[in-house]
Amino acid sequence: MTTLFTYTDQQDTRSGFGAGLLELGRNNPDVVALCADLTGSLKMDAFEKEFPERFFQTGIAEANMIGIAAGMTIGGRIPFTGTFANFSTGRVYDQIRQSVAYSGKNVKICASHAGLTLGEDGATHQILEDIGLMKMLPHMVVINPCDFNQTKAATIAIASYEGPVYLRFGRPKVPNFTPADQKFEIGKAVLLKEGKDVSIFATGHLVWKALKAAEALMDKGIDAEVINIHTIKPLDEAAVLASVSKTGCAVSAEEHQRNGGLGDSIAQVLSRKLPKPLEYVAVNDSFGESGTPEELMVKYGLDTADIIKAAEAAIARK
Amino acid sequence: MASIHELQRIATQVRRDILRQVHAVNSGHPGGSLGCTDFLTALYFHTLKHTPVPFDMDGQGQDLFFLSNGHISPVFYSVLSRSGYFPVDELKTFRKLNSRLQGHPTTHEKLPGVRMASGSLGQGLSVAIGAALSKKLNKDNTLVYTLHGDGELQEGQIWEAAMYAAAKKVDNLIATVDANGQQIDGSTDHVLSLGNLESKWQAFGWDVLHMDGNNMESVVSTLETAKSHTGKGKPVVILMKTEMGSGVDFMMGSHKWHGVAPNDEQLAKGLAQLEETLGDY
Ligand SMILES: Cc1ncc(C[n+]2csc(CCOP(=O)(O)OP(=O)(O)O)c2C)c(N)n1
Ligand SMILES: [Mg+2]
Numbered sequence: 001m002t003t004l005f006t007y008t009d010q011q012d013t014r015s016g017f018g019a020g021l022l023e024l025g026r027n028n029p030d031v032v033a034l035c036a037d038l039t040g041s042l043k044m045d046a047f048e049k050e051f052p053e054r055f056f057q058t059g060i061a062e063a064n065m066i067g068i069a070a071g072m073t074i075g076g077r078i079p080f081t082g083t084f085a086n087f088s089t090g091r092v093y094d095q096i097r098q099s100v101a102y103s104g105k106n107v108k109i110c111a112s113h114a115g116l117t118l119g120e121d122g123a124t125h126q127i128l129e130d131i132g133l134m135k136m137l138p139h140m141v142v143i144n145p146c147d148f149n150q151t152k153a154a155t156i157a158i159a160s161y162e163g164p165v166y167l168r169f170g171r172p173k174v175p176n177f178t179p180a181d182q183k184f185e186i187g188k189a190v191l192l193k194e195g196k197d198v199s200i201f202a203t204g205h206l207v208w209k210a211l212k213a214a215e216a217l218m219d220k221g222i223d224a225e226v227i228n229i230h231t232i233k234p235l236d237e238a239a240v241l242a243s244v245s246k247t248g249c250a251v252s253a254e255e256h257q258r259n260g261g262l263g264d265s266i267a268q269v270l271s272r273k274l275p276k277p278l279e280y281v282a283v284n285d286s287f288g289e290s291g292t293p294e295e296l297m298v299k300y301g302l303d304t305a306d307i308i309k310a311a312e313a314a315i316a317r318k
Numbered sequence: 001m002a003s004i005h006e007l008q009r010i011a012t013q014v015r016r017d018i019l020r021q022v023h024a025v026n027s028g029h030p031g032g033s034l035g036c037t038d039f040l041t042a043l044y045f046h047t048l049k050h051t052p053v054p055f056d057m058d059g060q061g062q063d064l065f066f067l068s069n070g071h072i073s074p075v076f077y078s079v080l081s082r083s084g085y086f087p088v089d090e091l092k093t094f095r096k097l098n099s100r101l102q103g104h105p106t107t108h109e110k111l112p113g114v115r116m117a118s119g120s121l122g123q124g125l126s127v128a129i130g131a132a133l134s135k136k137l138n139k140d141n142t143l144v145y146t147l148h149g150d151g152e153l154q155e156g157q158i159w160e161a162a163m164y165a166a167a168k169k170v171d172n173l174i175a176t177v178d179a180n181g182q183q184i185d186g187s188t189d190h191v192l193s194l195g196n197l198e199s200k201w202q203a204f205g206w207d208v209l210h211m212d213g214n215n216m217e218s219v220v221s222t223l224e225t226a227k228s229h230t231g232k233g234k235p236v237v238i239l240m241k242t243e244m245g246s247g248v249d250f251m252m253g254s255h256k257w258h259g260v261a262p263n264d265e266q267l268a269k270g271l272a273q274l275e276e277t278l279g280d281y
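Chains A and D, in that order, give the protein sequences. Residue numbers for the first sequence follow this note's numbering, beginning at 1 and rising by one. Residue numbers for the second sequence follow this note's numbering, beginning at 1 and rising by one.
Only chain A is shown next, with the shape it has when bound in the complex (with noise of 0.2 Å):
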């Protein structure tokens, strides 16, 4: 059995983003965050603790939220909100869409809790569209992080660029394998492991997953690539061309349903550009429920064996 990738310790994402907005609190004196009754939750604490006068409660009431941290961008402000992810997209989406995407306005919307890993608050919690949705907006740019170190990075260099983000994470404690120290480039795809005979582009939890899938493929003499696409929007072209070109077939995996999600977004490149094979690894038009997260990821199909299964039908498809 190869092993190829390992790792020090297991983090959740969302503490990841609470370190960085900590990070940037200290930084960063423009940087303001508001909360909806989940501040532990989404690991805004320590921020609260620090920042009590750049920190904004408001509530359970998210569409207020959104419209007031479109508000405080007139001023100057850099808003990051924070609630659940169904919270953060669906329930506020016409305000996002009004106030945020199309006023240009520099929110930063957080999400924690996306997919299916929150485990057992089950399906009106376990949002599985809101990449799609978010995705859509016009401009909107779109990061799923897919670890600790990398949610942490991410939360960093949002504020440095100007305009409306997306930044979603998760619940559970995952690997965290990504360096400390790498810069965390919007838009720019990460090469995990090189290979020739397909590649597998994931995001979110499914990095991990994906790098176990290729160490397991390894040993049945499949050589397949790993690229981490941490931006869903703007997707770095370049990168899923290049690899594509190389590997003749591709793999998408995502915590998310297939209809809008990162496969999605590498299909419409593809079909303009390169039209080669490509499999899904996401939820099929379902709702998810309650369980474990490791429950849950296998029953609907978004374990390390169904994106080796989904290479196997891609290279097979070449």
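Worth double-checking, as some hints may not be accurate.
Claimed, not checked - Keeping only pairs whose Cα atoms sit at most 30 Å apart, straight-line, the calculated DSSO-like set for lysine-lysine is:
no., chain 1, residue 1, chain 2, residue 2
1, A, Lys188, A, Lys212
2, A, Lys173, D, Lys256
3, A, Lys299, D, Lys110
4, D, Lys96, A, Lys299
5, D, Lys92, A, Lys173
6, A, Lys212, D, Lys96
7, D, Lys169, A, Lys173
8, A, Lys246, A, Lys309
9, A, Lys49, D, Lys256
10, A, Lys299, D, Lys92
11, D, Lys256, A, Lys309
12, A, Lys276, A, Lys212
Derived from the structure by calculation, the hints contain no laboratory data.
Guided by the hints, dock chain D with the ligands onto chain A, whose structure is given.
Only chain D with the ligands this time, still in chain A's reference frame:
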């Protein structure tokens, strides 16, 4: 119809069910569930005109209840099962894979007794108004009840619904607010003060009643009063004073037990305060 004493005995068992459900999966929301136990017990075992079996989604000729603060599913599931909607034994499956007892109540898994998904806060009052209007169109003079958290009232949709119900004289509707003064990040006063709730609801045109939600006699009699106030051109709201964690001493007095499950030792300590009256599942 159950007597006050019987209702109290049922409520004690429901509280045991709540602790055991959340403990088994180390997740879920005991605080608000315990606080609303007396209300839901009185509602399902005394006040509601309802037929648990066979469950009828349309519920014509039956009173309907909508749980808008869906996170207190443990108390809802216990009361539904104990009043016959589904086997009590099914409480074992709470929050587990392939269960009908989802973390927040849903219709997706077809659990009898649930007529609308909830969990994302602030939506239940609008839904209840819809069901109440449907009853009027059907010339069905039964009633629609709801329950909301007090933190939940911070959602704007609640006040859109409140304005609508009064303006359009939806007077077959009895809403209840779990005024426990707590939410996730702290007390409601600390997070975002609700101000004077009585004057707010009155200003919106509602008939406002008060009750002590952890006193069975107060709950039963206030619900009777509320019923007698329906049909008079105004929706009715009951501001129900409760204690988060009511019935388990170490869970009371703060917001800490909003969404945390007891460990083995805490479970034992909690159960010791609650007599097993109807038999554990
Ligand atoms: C729209 C929405 N925003 C946020 C949440 C997360 N959340 C779940 S319960 C809760 C606090 C609710 O407070 P309250 O209604 O007073 O209920 P209690 O804590 O008293 O049970 C929050 C913020 C949610 N479920 N829905
Ligand atoms: Mg409350």
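Q: Determine which of the earlier numbered hints do not hold for this structure and return their numbers in increasing order.
A: 7 and 11
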